[in-house]
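For reference, the chains in residue letters:
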Amino acid sequence: KNEVEQSPQNLTAQEGEFITINCSYSVGISALHWLQQHPGGGIVSLFMLSSGKKKHGRLIATINIQEKHSSLHITASHPRDSAVYICAVGKYGGSQGNLIFGKGTKLSVKP
Amino acid sequence: ETGVTQTPRHLVMGMTNKKSLKCEQHLGHNAMYWYKQSAKKPLELMFVYSLEERVENNSVPSRFSPECPNSSHLFLHLHTLQPEDSALYLCASSQESWGNEQFFGPGTRLTVL
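If you read the sequences in order, they're chains A and B. The opening residue of the first sequence carries number 1 in our numbering; numbering runs sequentially from there. The opening residue of the second sequence carries number 1 in our numbering; numbering runs sequentially from there.
Everything labelled a hint here was simulated from the structure, so no lab data went into it. Any given hint could be a false lead.
[Said to hold, decoys possible] Calculated pairs, DMTMM-like style, for lysine to aspartate or glutamate (alpha carbon to alpha carbon, straight line, at most 20 Å):
| # | chain 1 | residue 1 | chain 2 | residue 2 |
| --- | --- | --- | --- | --- |
| 1 | A | K103 | B | E67 |
| 2 | B | K36 | A | E3 |
| 3 | B | K41 | B | D85 |
| 4 | A | K91 | B | E84 |
| 5 | A | K103 | B | E84 |
| 6 | B | K40 | A | E5 |
Whenever a hint applies, use it, and build me the whole structure from the sequences.
Right, dumping it as structure tokens:
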């Protein structure tokens, strides 16, 4: 079992829908990261959080440290949101820079 | 140029070739990373450099050889690769290495014939 699990693996939505992607982890962490990877490969860091909630535009990330769970929400989804969303955790006490990555959730938003 | 750049973007090589991947960051960061992304597998950390010194080497085969001549540049030298080494190789940088936000380059798509 991976230390970082994401669900769902694939998600198709209609434009305008509210989207939730989930991430569960089994280790103590220093921080959790949400990343976005577009076709072609480039990765963009969306959020880094260690508690509570962060919001940036239509994106919201939450984390529950006790439950070892994080969610990424997209409000009013748009086709340009189509990408792979990756959850990664910095393991508490882990080696420098060593993030553990989930397998990603592939999101497709249809117009 | 801004952010993190990688060259080449695509590379096809034979198993007997020697090639190098280049990464350059223009963010003033002091830590740089090499990752491998294979199909249907999570990103795998290969190497971490902090202040130009290697601080992490995740049991990577010796046919991959990193080099960090200064805090802005990172190379990955490749020789005698295998077809299973075909993957997307991503470079990233951050300010200090532990737990901080990493900024990724666009990646090099490597195919080994």
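Of the numbered hints stated previously, which ones are contradicted by the structure, given in increasing order?
1, 4
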